[in-house]
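Using the numbering used here, read the sequence shown as starting at 874 and increasing by one per residue.
All clues given are correct.
Have a look at the derived ranges for each label pair, beta carbon to beta carbon:
1. 897 with 976: 26 to 36 angstroms
2. 985 with 924: 30 to 40 angstroms
3. 952 with 924: 17 to 27 angstroms
4. 876 with 968: 28 to 38 angstroms
I should point out that these hints are in silico values taken from the structure, not numbers from a laboratory.
Think of the CB as a built atom: it goes at the ideal place given N, C-alpha and C, for glycine as much as any other residue.
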Amino acid sequence: MSESAILCVDDEVVILDSLKEQLKRKFGDRFIYEVAESAAEAWEVIEELQEDEVKVIAIVSDWLMPGIKGDEFLIQIHQRFPNLVTVMLTGQADETAIARAKKEANLHACLHKPWTEEDLTQIITTAIS
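All chains, full assembly: derive it from the sequences and hints.
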């Protein structure tokens, strides 16, 4: 049986915990919720989920992370998984990075820190419907 997962990527554990908790509160057992503290870790999680026949349907990624910016990461994701929904979470991304992600990563939405639980769940709801 194949299931669906939502992956959250941020270098701050407290952000990941908040995202996961808010998504679980809204969607319950409908999805598997995974977190990664870096883009490299996110790729590992994606590989593991694929091996388990779990489809990642959405990624919520921070923009400012060590090693790679969120827009670059989401572009790489989109090149490999064009149907995957991408959401960028940021407190600092410039408009150029957001525009680039919209154009090259088919960015579904940009969620600005601090976000509200309602904004997060609404974005995911519209993304997966």
